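K.L.:
So for the sequence shown, my numbering puts the first residue at 59; every next one is plus one.
Among the hints, a few may not be true.
Claimed, not checked - In silico lysine to any residue, SDA-like type, Cα no more than 20 Å apart, as pairs:
# : residue 1 : residue 2
1 : K107      : V96
2 : K107      : L95
3 : K107      : G93
4 : K112      : L98
5 : K112      : R102
6 : K112      : F100
7 : K112      : L95
8 : K107      : I90
Since the hints were derived computationally from the structure, they do not count as laboratory data.
Just so it is clear, the structure is predicted and the values come from calculations on it, not from any experiment.
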Amino acid sequence: MILVASAACIALIFSHGTEIQGIREGTVIGAIIIGPLVQLMFPRCAFFKRWILKSA
Numbered sequence: 059m060i061l062v063a064s065a066a067c068i069a070l071i072f073s074h075g076t077e078i079q080g081i082r083e084g085t086v087i088g089a090i091i092i093g094p095l096v097q098l099m100f101p102r103c104a105f106f107k108r109w110i111l112k113s114a
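Based on the provided sequences and hints, a complete structural model is requested.
P.N.:
Shown next, in the form of structure tokens:
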């Protein structure tokens with residue numbers, strides 16, 4: 059959600075406060091849905107964490 063907010067701020071700055079292009083419903087919905095989805099899938103993918111830490 060922080061990335062969406064910062065992208066909106068940057069878009070407003072570069073358009074001199076007139077419009078936000080490129081940030082619409084899909085961006086906001088994606089930002090809201092991805093967090094809980096990652097929290098749901100992360101425990102099922104714990105072997106990736108062990109695999110990455112083992113190779114480091």
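K.L.:
It remains to establish, for every hint, whether it holds in the given structure.
P.N.:
Hints versus structure:
Distance restraint check for K107 and V96: the Cα-Cα separation of roughly 14 Å lies within the 20 Å cut-off, and the hinted pair is therefore satisfied. Restraint check: the Cα-Cα separation between K107 and L95 comes to about 17 Å, which is no more than 20 Å; the hinted pair holds. Among the hinted pairs, K107 with G93 is consistent with the structure: their alpha-carbon atoms are about 18 Å apart, no more than 20 Å. For the given pair, K112 sits about 24 Å from L98 by alpha-carbon distance, which is inconsistent with the 20 Å threshold.
For the hint linking K112 to R102, the alpha-carbon distance of about 18 Å falls within 20 Å, and the restraint holds. With a CA separation close to 18 Å, the supplied pair K112 and F100 stays within the 20 Å bound. For the proposed pair K112 and L95, the alpha carbon gap of about 25 Å is over 20 Å, so the pair is violated. At roughly 24 Å between alpha-carbon atoms, K107 and I90 are farther apart than 20 Å, so this suggested pair is violated.
Comparing the model with each earlier hint shows violations of hints 4, 7 and 8; every other hint is respected.
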